[in-house]
Amino acid sequence: MKKFQHTDFAAFFRGLLKTGIALIFSGSVFLFTSCLDVVPEKENTYRENFNTLWEIIDTRYCFLDSKNINWDSVYQVYEARLAVDTVSEIAFFDAMAEMLAVLKDGHVNLYSGFDRSRYWKWFTDYKPNFNSALIYNPNYLGTNYRSVNGLRYNRIAGGEVGYLYYSSFSDSFSDQNMRYVIEYFKDCKGMIIDVRNNGGGSADLSAKLASYFFLNDTVNLYIKHKTGPGHTDFSDFTPMETPAHEKIQWKRPVVVLSNRAAYSATNMFIARMKDAPKATVIGDKSGGGGGLPLSNELPNGWMVRFSSSPMYDINKTDIENGIDPDIFVSLDSADVAGGRDSLIDYAVGFITGNK
Amino acid sequence: MLLKKCLMFFAGYLFTSIVFAGNDLQLLKHVEHQAGISLVEINDPYLSLLTYQGTGFRYSYVSTQYLSPDNTKVSFFNSIDFASGLTTNPASTASLTYTGGIYRLGLRYHLYSFQNFSVIAGGLLRSDFMLRSNSRNVNNPVNMDVAVGLNARLTGKYDFKLFKKPASITLNVESPLLGLMFVPHPGLSYYEIYLRKNILNELHVSAPHNKTGLFQQLKLIVPFKNSVWSIGLNNEYQKYQVYDFVYRHNEWSLMLGIQYDLKVFSGRKAIIPDHYLTPGL
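Protein chains in written order, with our numbering: chain Z, 931 to 1285; chain R, 6 to 286.
These aren't lab readings, by the way, just hints derived from the structure by calculation. The model shown is predicted, which means the values in this text are computed figures rather than measured ones. Wrong hints could be hidden among the right ones.
[Claimed, not checked] 20 angstroms max Cα-Cα, derived SDA-like pairs, lysine to any residue:
#: 1; chain 1: Z; residue 1: K1204; chain 2: Z; residue 2: A1137
#: 2; chain 1: R; residue 1: K202; chain 2: Z; residue 2: T1148
#: 3; chain 1: Z; residue 1: K972; chain 2: R; residue 2: N48
#: 4; chain 1: Z; residue 1: K997; chain 2: Z; residue 2: D1248
#: 5; chain 1: Z; residue 1: K1246; chain 2: R; residue 2: L200
[Stated by the list, open to error] Listed next, the stretches of chain R that the computed footprint assigns to chain Z, with coverage defined by at least 3 CB atoms under 8 angstroms from CB atoms of chain Z:
#: 6; region: 95-101
#: 7; region: 188-194
The C-beta atom is built at its ideal place from N, Cα and C for all residues, glycine as well.
Please put together the full structure from these sequences, using the hints given.
Take a look at the structure:
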């Protein structure tokens, strides 16, 4: 084997040196990097996690101004408590959860490896107006109801009224599913869509379900987004249309049953249906949740979900605090004892004219 | 079905480029395939305030060609890069995947060549597309990195003998000059972008005041009997700032490349034609 020539190494390094002319060029490029901010590196300390969480809400949460929340004073309160609240990871989590509860927003959650903070008073502070066992009473769904992709339905009131219970907008249904539902109700005078205790899910599905009840594409919601860190830095209104379904339409009366636990995408659905030509909303005010949530995270890896884009009804009133029904009806305890659901019975009477 | 057709088209294109890279009609065309592993750092404020780090894979197809047999002062080149990887946040509680590609089409002038050293300079059009995904996020699980622009490129090449074989070292350096980039505000959901049906609002002009970048490639090229191999270090660095949010992608890759002409090189005794010694571009 031939001995490696010294000149080969020399040639190699000369090459490296001569091609270094490009390094001068590349070095000059970095002069321009001074125009850009440094990428902020966040330390994983309790104080930095607290500051990050507070700042995310301060700059990106959309209801601080409309809810009249003095977020600066919240900082002072919880910053002063840090020494006590950081005795353990769990104590720190509980303190941060308590801080986020000031926002009174069901769309605000802090997710750690051991818990998820939540605010439920938007429905726990009110009458439920719903008993999940009642709807399976033989007078309503019974046991032989039809069920597909979250849509549970049956003909009630002697076949005069169609009743559909939809418990979550996370259950994706198809046009074909809904076509069968409407076909099944074809001899009914009207339809009841019960979305009580539906905590939300996909905003697209709320538009899809509403689309079967509109004859024309209709703008009945608006959305804005934050354009800066200020509490009032928002974009213009972006219209949200309910597209009328081209082929599947229900043109008879429809009643939407609502309660305080109807939240988020369900809240959007109710806002759309308030504007539908033959729809009436009966029950209690919906729970709200009119801010489209986004996510971010803290240096310790905890995720925070928060309302980022506020939504408004057709009158450009924000729907964060819920939507009033057209007719307030509460669940009567005597009816419940007798196995009757007051809201469904009222809706049946409303549709058939037998109140 | 569409994906299958695209994959078949791309495979056919690659096969053709390998087979015909050295045929008579394309004597001056050099095609190189490179693949490598990467270490990556990503900052994407739309998805997270944190810096994500991880590893990835990069594949690069580079084709260069002189303007004509008589003119070795100007050359065309085009390249396609595919990159994909997985990164995690510092606490390893969430992962961010990225998948994307870069297409370059450029023209360069061979400035001077003296005593085995040559300098080539030029410009190129570059288009970037990358999809970053953090599946843990709600309503903002994905962000797109889309940009087009004009870049400047400088290459230095030194030819020398390595164990009596002709070898080269090249250093490519590329930087963005002017372009357009799609950068939605972190408070704007893609759902609302879809509702607005107006993506133009989220397009921004990129220039040195808001976007810097550097693509550096140091490569050693050594020809063997039936193929030309290269080993190199790439750095793909981009940093841009919109709405006071700083985005950054910093990727270091160890790349292994090969030029192999199935048609020309048949059998172990075939000699590599002179023209096939890549200019290392």
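Quick rundown of the hints versus the structure:
Under the criterion of a C-alpha separation no larger than 20 angstroms, the hint pairing K1204(Z) with A1137(Z) is consistent with the structure, at around 13 angstroms. A hinted pair counts as satisfied when its Cα atoms are at most 20 angstroms apart, and K202(R) with T1148(Z) qualifies at roughly 16 angstroms. This hinted pair checks out: K972(Z) and N48(R) have alpha carbons roughly 12 angstroms apart, not beyond 20 angstroms. With a CA separation close to 11 angstroms, the supplied pair K997(Z) and D1248(Z) stays within the 20 angstroms bound.
Distance check on the hinted pair: K1246(Z) and L200(R) sit about 17 angstroms apart at the alpha-carbon level, within 20 angstroms; holds. Using a Cβ-Cβ cut-off of 8 angstroms, 5 residues of the region 95-101 of chain R lie near chain Z, which meets the minimum of three, so the contact claim holds. Coverage of the region 188-194 of chain R by chain Z holds [criterion: at least 3 residues with CB-CB distance below 8 angstroms; count 5].
In this structure, none of the earlier numbered hints is contradicted; all agree with it.
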